[in-house]
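Just so you know, the sequences run in chain order A and B.
Using the numbering used here, you'd call the opening residue of the first sequence number 61 and step up by one each time.
Using the numbering used here, you'd call the opening residue of the second sequence number 26 and step up by one each time.
Heads up, a few of these hints could be off.
[Claimed, not checked] With a Cα cut of at most 25 Å, we get these calculated SDA-like pairs of lysine to any residue: (1) A/88 / A/270; (2) A/205 / B/339; (3) B/34 / A/154; (4) B/136 / A/156; (5) A/88 / A/127; (6) B/234 / A/112; (7) B/34 / B/298; (8) A/80 / A/259; (9) B/104 / B/233; (10) B/32 / B/44; (11) A/205 / B/298; (12) A/119 / B/133; (13) B/34 / A/206; (14) B/34 / B/207; (15) B/233 / A/148; (16) B/32 / A/165; (17) B/32 / A/207; (18) A/67 / A/99; (19) A/138 / B/235; (20) B/233 / A/166; (21) B/34 / A/156; (22) A/119 / A/62; (23) A/138 / B/231; (24) A/205 / B/219; (25) B/34 / A/272; (26) B/35 / A/186; (27) A/80 / A/270; (28) B/336 / A/152; (29) A/138 / B/237; (30) B/136 / A/131; (31) B/136 / A/104; (32) B/233 / A/165; (33) A/138 / B/221; (34) B/233 / A/130; (35) A/119 / A/281; (36) B/32 / A/156; (37) B/35 / B/46; (38) B/233 / A/207.
It is worth saying that the hints were derived from the structure and are not from the lab.
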Amino acid sequence: MPLLEIKGLTKAFGGLMAVKDLTLEIQKGEIFGLIGPNGAGKTTVFNLVSGMLPCTRGKIFYDGTLITGLSMHQIARKGLVRTFQLPTLFNNFTVLKNVLMGMHLQAEVNLWNSFFDTVHGKTRENGVLDRALGILQEVGLADRKDELASNLPHGHRRILQVAIGLGCEPGLLLLDEPMTGMNVQEVGEMMGLIKKLRERRGITIVIVEHNIRAVMGLCSRIAVLNFGQKIAEGTPGEISQNEAVVRAYLGGSL
Amino acid sequence: MKFNPVKVKKFSVLLLVIFLFVAPLLVITNAFHLHIMIMMCINIMMAASMWLLATTGLISFGQAGFMFIGAMTSTLLVKELGWPFWVCIPLSGIVPALVSIPVGRLCIRIKGVYFFLVTMAFGELVRGLFAYFRTPFGGWYGIRHIPPPEPHYIFTPLSKIPFYYLGLVLTLLTCWVIYRISRSRIGMTLWSLRESDILADSVGVNVKKYKLQAFVIAGFFAGIAGTYYAHYFCYISPLVFTFTMSLNTLIYIVVGGLWSLSGPIVGAAVLTLVPEFFRATGVYQMLIFGIILVFAMLFMPRGIVGLVTEKVFPLLGKRVNRQKI
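The following block holds chain A by itself, in its conformation from the complex (with noise of 0.2 Å):
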């Protein structure tokens, strides 16, 4: 079984068709690409399969449960976390503490809890902060953990908004373009960071990325999406032959 299956996923913003009659199967522990050129709707499909905009129509089922029309936080509480396109922190805290919050649903505890500081609650609280630096330690952000996010060169930035992501402890994680403004070498780092949540972690992995080699490098499988359509899909090699794909959007040669 599909870890996310999407059935005929379209939304449409008045006349304008977003995403038409999308229909894609992500298998657990692939990483899965999904290109094309700007404006193509890559990003539109992460803001419906992660909840943040209703669908006008289509159905999106992530383990075999039905998650058309559930929240964003519900969604996330199932296992499904995405990351943002721009740089989105809580910039005023520190690196750990974006973590920590990260880890939100691990250490809910209600009210009642937090305000007598119970021992149910600080127990569960220390569990966490272990796990957060452990988070960090692999990420490679754990010498920065006390400075303040706004401060973290826009790379660190990138790797910190995946560690946030993953303090939801994610059984798929939707990567938005993570790799963009970064140089050669820090390209380099995310890769590398990816396949080790892969291998390490068994995340399975959705990655909306311009970066042509890179996307070539990771993926098992891409998509390539075109005007809100799926224009082609396979592996990293049909697709670089595809001549719809490379006319849309590869252009000439690779």
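Since the structure of chain A is already known, use the hints to place chain B on it.
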């Protein structure tokens, strides 16, 4: 000499509290000064409760409405039904809190400026409702002869000291509860909503639930402040709980500093006190107040507390960590 900053802070707060308890016996004996302290208590309670809501990014302009509801609850219960004041105090927090649940559910769907306007509309709605019905709400004339708390031989109309202690206890209770909440995991979650509620949503925070919780808590403590007001001034009317009061509360928070609970406390205390120095100027009092506010906006963007932490503490050799959350 090495200072443990947390211990220093706790010790100085304790000293301040002790000072406040003994002050009427030693230092502040003038009745007018005690009145100012009482006003400070009311303003601090309002500012602190509104601050908790502001940490989620929601600026509510309807706090005076909840204050009015709280005041009206205990006024009617004590005056018409003869219930004891001490039973009515928690009720005058609970009733506005209950009202704030449906109101909050409605308002929280809306963001930013529009939330501000809708809560302002709510505040005016409360005033209008109480003003329209002469019985039992007193209409535009309001309700006079509100009995002070029992025992009546202690809380006489002329004795400020018992009211001062009552206010001190209520204020300390309010601030302590709000402090505990704001420093807990719940508090951090509320702050995250201000930073980026979309990001919080994507990591599983039920944004609406948390915003509603803050809204209800703010309403609760506004109600308590309202009842304290009612039984001290012994008169309430729609002309008192206007949106100017909500605006003043907002000003206390902004001038004091948004970044920690000490901000609204300092802001309310200072801005209750400072206009009194200029009372002698007569008609220019408000003008000077306005000028002070403008200067505060220009030179203290992080409020008084922000200014002190960033400018004064380094001079004292205290290490400054900009992150105050």
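Check each numbered hint against the structure and report the violated ones by number, ascending. When the structure is compared with the hints, numbers 4, 8, 9, 11, 12, 16, 25 and 38 turn out to be violated.
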